[in-house]
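Asker: What follows is each chain in one-letter form.
There are 2 protein chains.
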Amino acid sequence: MQRIVVLAGGVGGARFLRGLRVAAPDADVTVIGNTGDDIHLFGLKVCPDLDTVMYTLGGGIDEAKGWGREDESFRVKEELAAYGVGPGWFGLGDRDFATHIVRTQMLGAGYPLSEVTAALCARWEPGVRLLPMTDDRVETHVAVDLDGERRAVHFQEYWVRLRASVEAHAVVPVGADQAKPAPGVLDAIAEADVVLFPPSNPVVSVGTILAVPGIREGIADAGVPVVGLSPLVGDAPVHGMADKVLAAIGVEATAAAVARHYGSGLLDGWLVDTVDAGSVPAVEEAGIRCRAVPLMMDGPEATAQMARDALALAEEVRA
Amino acid sequence: MQRIVVLAGGVGGARFLRGLRVAAPDADVTVIGNTGDDIHLFGLKVCPDLDTVMYTLGGGIDEAKGWGREDESFRVKEELAAYGVGPGWFGLGDRDFATHIVRTQMLGAGYPLSEVTAALCARWEPGVRLLPMTDDRVETHVAVDLDGERRAVHFQEYWVRLRASVEAHAVVPVGADQAKPAPGVLDAIAEADVVLFPPSNPVVSVGTILAVPGIREGIADAGVPVVGLSPLVGDAPVHGMADKVLAAIGVEATAAAVARHYGSGLLDGWLVDTVDAGSVPAVEEAGIRCRAVPLMMDGPEATAQMARDALALAEEVRA
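Going down the list, the protein sequences come from chains A and B. Just add 750 to wherever you are in the first sequence, counting from 1, and you've got the working numbering. Just add 750 to wherever you are in the second sequence, counting from 1, and you've got the working numbering.
Worth flagging that the hints you see were computed from the coordinates, not collected in a lab. None of these values were measured; they are calculated from a predicted model. A hint or two may mislead.
Identical chains share a label here; the pair holds if one copy fits it or two copies do between them.
Claimed, not checked - Below, simulated SDA-like cross-link-like pairs (lysine to any residue); rule was C-alpha separation at most 20 Å, straight line:
id, residue 1, residue 2
1, Lys815, Ala970
2, Lys930, Arg879
3, Lys930, Gly793
4, Lys815, Lys930
5, Lys795, Met856
6, Lys795, Gln855
7, Lys815, Ile999
8, Lys795, Gly858
9, Lys795, His850
Using the sequences provided together with the hints, build the complete structure.
Answerer: In structure tokens form, the structure reads like this:
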């Protein structure tokens, strides 16, 4: 049985994973989820990326938005607003609230996030093993200029409230340097046959996971194909606002530049979209095998084909 | 301006208070609320009696049930059940959840319950000053036989889950002996012109409030009329199951027995329903002035009249 490890952010990672399950239904898939955009709201611990993966694979996602629960209502949030309690900019729905209530209660009882995540997944049966990158607290902060002052804001405030509309001067996964990979993470990497980077944000999703000491090294040393898919198509993000945070780390917002940013020490193969076929030579010059294939995740079959292409590239690398 | 102090439980107390506001619109009313049936559910602090008073006077109550929010939904609770997280027997609605989230967050930030209650009331504007009897933790437990063993269960488990269907051998307000009256409670009593006991449960509502050291003494020493209304009409509780817990403390479930239980050291006047007019002499023999008036709180005007009757009896006592 093929063992696949996937480093996943939110919407892009979750949708790719759904394609991967179709492409490789018998594979043993371990997902290492980003927790850098976790946030405490209303006294509750919210893990947006873990939940997006869990809801998407478990059949509970809002398909149109790509995050949150389907058939959602917002009565708790409306009542909190009536008490003058915010933030109002974060869309926590009633059904979603229950997840955060269960999580917060279990964390309060002393369970680590990895065990809490397993307990939540017992309901959703995502068909993959979903591990948080770490049980320790990591919080991605973004340095921006607000009201004439440079301030560090929580990633969610930058992403959701400010909609990445101001320049990001720096992106810092606060606490990552002291964090330990969650139980199972390094073992899964060491035992993997393939490691995949889905078209997730290379800075605040995959980049944050790689910032946990031991994970990047484990992947580089695993001696198995590491293949990624470009989140940029025609130099623009397919979903989200990856270009905004790439600028903050001095990386050009192109498919080739992201591959070079990961580097040949980490990445063996890279898929770019067919519209970016011209960038294949530049990626291969950097020592990374590259193929141009359709990378728009429009529909289950297109997404499954992307996963097949990634696995095929991995086999090419291995041969 | 007349200063009135009312010791209130849940539904009965709240409805009486609404009548009192109609009967004495210019009075300065302080409500000392029972917190003995507070419970922690899903990691949240729930104060059923305080909320019933707040919602009823603030116009947010479910009129049919007498507790909880009007136009309520139960999506969070359904989702919690889907996670296998209970208890399912406690009816926490979506709109109600927001109250408990705000309260729990404020308590976690270090505010005492009395300040949290004031903050919540800033939204509801109940037209009275609502004080919890204490900022300390008091939890009413009931001794029952379950599965062949005597056990102490939380009052809510006895009341809501078991529906008072098993014999209560004892009712204990755990922690009351160590509790201090909340800020403002003793001052309000000392400055009151009248103290009223609405037709609330004499054991688990008014009795619990009186169990906080200093409150009973403060009322007895205030030197002002103390008038109560019988929660029993025709020897049966108008609302709730007061007879079940009266047995536990060895008090007969009659209007007269409840008056004697409070005693002439505390109570100056007592209203019984007209169907219990025959018990007036027995109450007066115990040194408590007694009148028989309609005590069914069916509608705002009937309830306002009860409040007028109580205030009139207080003036009779004073004269």
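Asker: Hint by hint, note whether the structure agrees.
Answerer: Status of each hint after checking the structure:
1. Lys815 <-> Ala970: neither (34 Å within a copy, 63 Å between copies)
2. Lys930 <-> Arg879: Within one copy only: 19 Å inside a chain, 51 Å across chains, cut-off 20 Å.
3. Lys930 <-> Gly793: Answer is neither; intra-copy 24 Å and inter-copy 28 Å both fail.
4. Lys815 <-> Lys930: neither (32 Å within a copy, 51 Å between copies)
5. Lys795 <-> Met856: Both ways: Lys795 and Met856 sit 10 Å apart in one copy and 16 Å across, limit 20 Å.
6. Lys795 <-> Gln855: Both. Shortest intra-copy (9 Å) and inter-copy (12 Å) distances satisfy the 20 Å Cα cut-off.
7. Lys815 <-> Ile999: neither (28 Å within a copy, 58 Å between copies)
8. Lys795 <-> Gly858: both (10 Å within a copy, 14 Å between copies)
9. Lys795 <-> His850: both (6 Å within a copy, 16 Å between copies)
The structure shown violates the earlier hints numbered 1, 3, 4, 7.
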